[in-house]
Amino acid sequence: MRSDRGQSAPLGLKIAAACGLLFLHLPILLIFVYAFTTEEKSFVWPPPGLTTQWFAVTWNRPDVWEALSLSVRVATISTAIALVLGTLCAAAVSRTKFFGRETISLLVILPIALPGIITGIALRSAFSLADIPFSFWTIVLGHATFCVVVVYNNAVARFRRTSGSMIEASMDLGADGFQTFRHVVLPNIATALLAGGMLAFALSFDEVIVTTFTAGQQQTVPIWMLEELIRPRQRPVTNVVAMVVVLVTLLPILFAYYLTRDGDQIAGSGK
Amino acid sequence: MTSAVSFQKVSRHFGSVRAVDAVDLDIAPGEFFAMLGPSGSGKTTCLRLIAGFEQPTSGSISIFGERAEGVPPYRRNVNTVFQDYALFPHLNVLDNVAYGLMVKGVGKAERHKAAEEALSLVRLPGYGARRPGQLSGGQRQRVALARALVNQPKVLLLDEPLGALDLKLRENMQEELKSLQKALGITFVFVTHDQGEALSMADRVAVFNDGRIMQIGTPEDIYQRPRTRFVADFVGSSNVLPPDFVQRYSGQHRWGSLRPESIRVSRAASGEGVAARLISTNYLGATTRLALDADGLKLHAVVPAGTALPAEGEAVVLTFNREHLHLMDEPA
Chain A
7 MRSDRGQSAP LGLKIAAACG LLFLHLPILL IFVYAFTTEE KSFVWPPPGL
57 TTQWFAVTWN RPDVWEALSL SVRVATISTA IALVLGTLCA AAVSRTKFFG
107 RETISLLVIL PIALPGIITG IALRSAFSLA DIPFSFWTIV LGHATFCVVV
157 VYNNAVARFR RTSGSMIEAS MDLGADGFQT FRHVVLPNIA TALLAGGMLA
207 FALSFDEVIV TTFTAGQQQT VPIWMLEELI RPRQRPVTNV VAMVVVLVTL
257 LPILFAYYLT RDGDQIAGSG K
Chain Y
9 MTSAVSFQKV SRHFGSVRAV DAVDLDIAPG EFFAMLGPSG SGKTTCLRLI
59 AGFEQPTSGS ISIFGERAEG VPPYRRNVNT VFQDYALFPH LNVLDNVAYG
109 LMVKGVGKAE RHKAAEEALS LVRLPGYGAR RPGQLSGGQR QRVALARALV
159 NQPKVLLLDE PLGALDLKLR ENMQEELKSL QKALGITFVF VTHDQGEALS
209 MADRVAVFND GRIMQIGTPE DIYQRPRTRF VADFVGSSNV LPPDFVQRYS
259 GQHRWGSLRP ESIRVSRAAS GEGVAARLIS TNYLGATTRL ALDADGLKLH
309 AVVPAGTALP AEGEAVVLTF NREHLHLMDE PA
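Protein sequence lines correspond, in order, to chains A and Y.
Quick note: the first sequence, position 140, residue 146 per our numbering, numbers continuous.
Quick note: the second sequence, position 107, residue 115 per our numbering, numbers continuous.
Excised from the complex, chain Y in its bound form (with noise of 0.2 angstroms):
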């Protein structure tokens, strides 16, 4: 089956900064896929590399099974979805969604139709008329989608398009891409530095560090079963252990990850254990974040809220399911 977006040993260098490294990735047809790293990843250069705005230092790209290089943005079936939505101040909403259509030479009548076909898909009928001025940011982020989508592109770009939402709209919004994502059965890639996001759309997920691909893998696969420190890190903050600690519970001497859920923190009266000390709690509402040191080993244990806990200072014993401590591949 041919990929729809195909990276071969690409690099993307900014003088001697190398923000794509020798990056290998096949993201599938109809797949929401989702690059998830830090600022400075290297996730958003492999995003305009796909659109075409960066042209690869060396390497190569197919977009479904297309030479992309040197193919300039304007003419590949690939529409993005800005960060900061990027919509025409001086045109109406209506006009905005009908750009793309606009500029291929599609007459006015038709072009108009397909844009409130569009609008409607992305639940903002009847606001053609506005100026995106008038808009709030959840709208203009619709307005956005509308636009890119009205082209029916055969990939659709995300550059992090959920960051200027507040909470709420950014979970409904969550939601609804991934419904539409379902219902059109377009190709989505999607960039965040938020892994609860990418955790819970994408169908896989690519984690970005210093311009290099650490791990591509279902969000299970990353979540679970990191496959380095900092992918365990990362991606929702598992207590990384090292080799000599790990030796003990496992007889392998290599690096492991235990998720921060699955510790369990008892007084120390209790018996066998990590005996460790309590240094601080943190409320979080549905839990509370403990941070402890065991001889030294700073890690973090999450409990559900009105668990009773000890006092700050306290020394504690902490357990845990063997089969909960994941072997990371990284060499010791």
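Here chain A stands alone, though its shape is the one from the complex (with noise of 0.2 angstroms):
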């Protein structure tokens, strides 16, 4: 709080957050301490040794290629989609008022709220039922659904925040639907978009519920990590791909936050 500035909290107190910090975060410094192990089949602390050879093994690998390659591609193109959707919908929902405008607000965040093995469960039952054979595009589809909420939360927070009359401004001057867009409405959006953009591609990078439910025989990068855990062989290998995994999502994220600190919160990076 405000009012608390410069006053110094009890030594009790600074223990117990050290504590709680270390508690949350001490486990992923393991992880990462496990990926330069000597000893491949179980994890065993204290490591019996340390070595890098782990980086070139996962480097050849084809496997960890693959899923990461298939990642990659899912998370581009399912944000690719929640940014083109995400942003027609906020601009609909705050610029227009028209009928049923509370409820389409609400089902577009409904995703992000359902748990993701219901939302799972639900598209497996309809692509069966569609008879769409799982591919790639399934898994991009079952991304998707969370990653418009995403961008649209974020476009929607922008939108309110931009004067409705610098649109018609804009028009007044004599430009046009296309010029206004690109003049007025995407520089004021942008950074906002790129935040939803990057927090939507980290949550597909990582996602593993909706996944196991959509995909057929092909392997992301965390679905790939869950079926190395049952089947130890090369155990580090997971560990130098979770380092991987960690960066790849947490930097999007960082950057994101910085982008948009003053003023929007990031909305829905809690799934």
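Hints are supplied without guarantee of correctness; some may be wrong.
[As the list claims (entries may be wrong)] Sample of chain Y residues with no beta-carbon within 12 angstroms of chain A, all distances over it, derived:
1. His21
2. Ser24
3. Arg56
4. Asp92
5. Val111
6. Asp167
7. Arg212
8. Gln255
9. Glu269
10. Glu280
[Unchecked claim] Pulled a few chain A residues facing chain Y out of the computed Cβ check, cut under 7 angstroms:
11. Pro16
12. Leu19
13. Asp137
14. Ser169
15. Ser171
16. Glu174
17. Ala175
18. Leu179
19. Ala181
20. Gln185
21. Val191
22. Leu192
23. Pro193
[To be verified] Which residues of chain Y face chain A? A few of them, derived with a C-beta cut under 10 angstroms, are:
24. Phe61
25. Gln63
26. Phe72
27. Gly73
28. Gly78
29. Pro81
30. Tyr82
31. Asn87
32. Gln91
33. Leu95
34. Leu99
35. Leu102
36. Tyr135
I should point out that these hints are in silico values taken from the structure, not numbers from a laboratory.
Bear in mind that the values here come from a model prediction, so they are computed numbers and not experimental data.
Virtual Cβ for every residue (Gly too), placed ideally from N, Cα, C.
Can you join these two chains into the complex? Each is in its own frame, and there are hints to help.
And the structure:
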């Protein structure tokens, strides 16, 4: 709180806070440490020796590359779909009044509020009902459901802050619809879209539950990791991949946070 | 002569709400025209019909002789100064002003030069590099004005542009707008709910109520010779007098209006006049406003400050010059 600024917290509270943070983050650090262990069958503490050989091993494993490439492609395309649909939907909901507007707003946000397992089961039964074979595109569709929400939330928050008469002013000054979008709307929502897009990418990249229901034989990175844990073989490879996943998802989220911290909160980052 | 803006039986309905209802209007080229009315009276919708943000439900609009229905805002030679200024926050002041030229494809050097000139016109030279967020309300207002003028519109629309400014600034801007309009010779259409602003700036005033125009005339016409009870009451809060009262003084059974400043108030002892009771006095600085009760008829009088006043609750006598009693067209 502002009024407490400059006052030091009591020592007990400081220790409690430090313990809480350690509890949250030590396990993640352990994952990193195990990426360097010389023991490949099981995780023993302390590691009997340290080595960087697992990075080379990981680099040479084709299944890792396949999973990584699939994840990146799914996340990119889901994010692209989400950017288009989320922005359009946000514009409609915040710019115009129409019958059922609140309902649509709620329905768009629903996938993120629903447990992933329900979204997953629902999509799976819908796909089999419609005789759609599981493929790359079924995964993308599954991911797009929650990626849209993130983009939508960020875009809606930004649209609410921008004055509606700005668009009218642009038209009044001679800009047609396309020029208005390019010169006025887009510059004003760009950072919100970038933030929403990066969050969507990160969410898609580490999604497990919906993916297990919508993927066929294909493995995204998180699914591949689950399989690896069940079938132990070169275990530290999983940890090396884990490090990569942490970096790939953490950096965009951090970046999105810095982009939008003046004003909007990052909506929907809790999925 | 072709009108700058002409409305023929123009209506704009939103569902069952008649925002603008069969309005006829002719604005002359080079005129400073004010649309005056309470909020929800249809004046802003009329402005938006001219700008092209709204399309009429029925009737026809022409701007300098050209039919305007179906013509989008970006193809009309009309520019607007918005109530909230609507400056683009991501552009600096110079690019804000140059925006209209930029979308028309005018080269950078040329449009920046024109924008600088427009900024000098509104007395903000050298402010080009600033962001709208760094300007005061009055400065933003001038930028909005420069941005609208840079396209050299035939008609400039102003939607309550002075509403957000403080009193002193508002008075300065009133004078400036008027001299700017004189210098440029552009038709100005000005929407306001402030009758003082309309009377002091406009060549002609249209008084709106419930989507209709109650009266169009010069400020003097509107103020001295209101045609309906609404105009008398809204413009300058005139006393509206019922036909029975008016008949006693004019011989005609019609509604009348009497300006508060036309009423003289004296103590009951002084003789002939309308017997009344002083209910309250309201000190306004240069004047004092008196609330009076003449046998159930509520009246207001305005007297210069410093006038010796009877005490509140005291019986008084009201006198007025009969020629100040204006008879309205409205039937009894």
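Here's how the hints hold up against the structure:
no.	hint	verdict
1	His21	holds (16 angstroms)
2	Ser24	holds (16 angstroms)
3	Arg56	violated (9 angstroms)
4	Asp92	violated (6 angstroms)
5	Val111	violated (4 angstroms)
6	Asp167	violated (9 angstroms)
7	Arg212	holds (24 angstroms)
8	Gln255	holds (51 angstroms)
9	Glu269	holds (39 angstroms)
10	Glu280	holds (58 angstroms)
11	Pro16	violated (41 angstroms)
12	Leu19	violated (39 angstroms)
13	Asp137	violated (46 angstroms)
14	Ser169	holds (6 angstroms)
15	Ser171	holds (4 angstroms)
16	Glu174	holds (6 angstroms)
17	Ala175	holds (4 angstroms)
18	Leu179	holds (4 angstroms)
19	Ala181	holds (4 angstroms)
20	Gln185	holds (5 angstroms)
21	Val191	violated (10 angstroms)
22	Leu192	violated (10 angstroms)
23	Pro193	holds (4 angstroms)
24	Phe61	holds (6 angstroms)
25	Gln63	violated (14 angstroms)
26	Phe72	violated (17 angstroms)
27	Gly73	violated (21 angstroms)
28	Gly78	violated (15 angstroms)
29	Pro81	holds (4 angstroms)
30	Tyr82	holds (5 angstroms)
31	Asn87	holds (6 angstroms)
32	Gln91	holds (8 angstroms)
33	Leu95	holds (8 angstroms)
34	Leu99	holds (8 angstroms)
35	Leu102	violated (14 angstroms)
36	Tyr135	violated (19 angstroms)
Hint compliance for this structure: hints 3, 4, 5, 6, 11, 12, 13, 21, 22, 25, 26, 27, 28, 35, 36 are broken, all remaining hints hold.
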